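Trainee: Please put together the full structure from these sequences, using the hints given.
Listed in order, the protein sequences are those of chains A and B. Terminal number for the first sequence in the numbering used here: 221, no gaps in between. Terminal number for the second sequence in the numbering used here: 573, no gaps in between.
Bear in mind the hints are in silico, worked out from the structure with no lab data behind them. Values in this document were obtained by computation on a predicted structure and should not be read as measured data. Some hints here could point you the wrong way.
[Unchecked claim] Derived BS3-like pairs: lysine-lysine, alpha-carbon spacing no greater than 25 Å straight-line:
| no. | chain 1 | residue 1 | chain 2 | residue 2 |
| --- | --- | --- | --- | --- |
| 1 | B | K279 | A | K71 |
| 2 | A | K109 | A | K140 |
| 3 | A | K181 | B | K279 |
| 4 | A | K75 | B | K399 |
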Amino acid sequence: MPNIAENIFERLRKIFGVDKSEIAKILEKIPIFSDLNLVELNKIEIITHEREYMDGEQVFHEKEPGAGMYIVRSGSIKLSKKTVVGEKELTTLKTGDFFGEIALLDESPRSATAVASGKTKILGFYRPDFLELLKRDPRLGSKVLLQLSQMIAKRLRATTDATLKGATNGNETES
Amino acid sequence: METRQNLKVWNWIKLLGIYFVILIALVIFYMAQDLLTPFLVAFILVYALNPLADKIESWGIKRTWAVAMIFIGFIFIAGLVVSLGFGSIKAEITLLKTQVPAYIERIKVSLIENAATLEAKIPNMKKGMLQNMITQKLGDLPTMLGENMPFILKTLLGLVTSSLIVLFLTFFILKDGRGFRKNIIRVVPNKYFETVLCLLFEINKSVGNYVRGQLIDCTIVAILSVIGLSLIGLKYALIIGIICGITNIIPYLGPIMGMIPAIFVALVEHKSGAMAGSVVAVMMGVQLIDNVAVSPIAVGQSVDLHPIAVILSVTIGGALMGLWGMLFAVPIYCALKVTFQILYKGIIEYGSWENA
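Mentor: What follows is the structure in structure tokens.
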């Protein structure tokens, strides 16, 4: 029975915290993967894509259809948005930050432009792979999906509160 | 500014490199067409078995074990089918083998009779010229078959090797296909990465749906044909029904191709026009059931293809690559259609998939 052996190994590896890959270490800090165990993190790692960007290279453009979320491994990413006055810089993302997670759910246009500043390594987790994962491993897929929904619910509540208070200075940066 | 320039040059070089590799792969495949067949058959099997592998994997079993389980089950069922159906298929084949010389003799006799009446009607024709020609050409046929026996055996041996290759390829593509796809897509430049990823996913989905739908459709057509043909009492109904199922893969033209051997047997073996008529009726009935009830469910919604486009692609495929071209014309057309749809959407609706 390979499954029992795998389980024992998994427990042992968890207890001693050995052979966790660099990518798994980054993934477990992302909220939507926070309650996954090491075996599940490895399954996610298999379907992520490692991409490398040069200084000034664009990750995605505002209003483009989105295909997935990105996690910064090294370097930094600048998010900016076009306004009537011109290009407005929203924020700079560093190692361990993530962006574009709404694109995991649907093909809605990106709400900002993402550009690499300096040599940047990012990890892509794309909608087609996520949909396939949901079909192939529903347990793992729904764990991720639940976390994603909770995150969005929290954000929606914050937005609703802000609107009710009539606060206009709160700006959402998610794309 | 300079890094940006470098970036552009680097992207272009990468893109050209990819085109170059694709070109070389196409040339190699064109030169080694024998290699192409097992690959394509393996791809069909992978498309057919992939949902099953995913399903077993969703129970928490590792991919390798899931694929191994499918293979063991496959071999078991194949063994069962062969041991159950082999007897009757073997009987039909031996019957056919002993009957072939008799058929040729019968065709020769009727041809010579017709030639005699033809010669009598045409003036200035040397008596017996046509008859001699016919005896000469047809007389060699049985001996020719005998002489070619080693060659036929060699082909059979080739068949065994290629089916082993097919099983081997199917196993590994089924097991590691996802990894292969990830590695292939790795070389795509950043600018096109999202588009290409979504594109591959959509193509995979639509071609997979088509292939799986067609396989189910063909199996049902084969079963219906065997039942129908044995009901009207045609000889070799089992073999002919299976042939009908296989030719049914080719849209529109396939059913007609499948009808030819059935009509041939009806005319030569049963020597009756009535039998040929009922064969045609049965086949049309099968096609009717297929087109009204089976095909819309099995293939139907999965791919939305216009009949004219299908016929055109099948004809072009046939002209370029013969039978294999006809078989793969529609899946290739599917892939191209999805590609254009996605690119069109990107360009028209968003206007910026290439907005650097």
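Trainee: Is K75(A) close enough to K399(B), meaning Cα to Cα at most 25 Å?
Mentor: holds (24 Å)
Trainee: Would the hint linking K181(A) and K279(B) be met if the CA-CA limit is 25 Å?
Mentor: holds (15 Å)
Trainee: If you draw a straight line from the CA of K279(B) to the CA of K71(A), is it 25 Å or shorter?
Mentor: holds (23 Å)
Trainee: Below or equal to 25 Å on CA atoms is what counts here, so check K109(A) against K140(A).
Mentor: holds (23 Å)
Comparing the model with each earlier hint shows no violations; every hint is respected.
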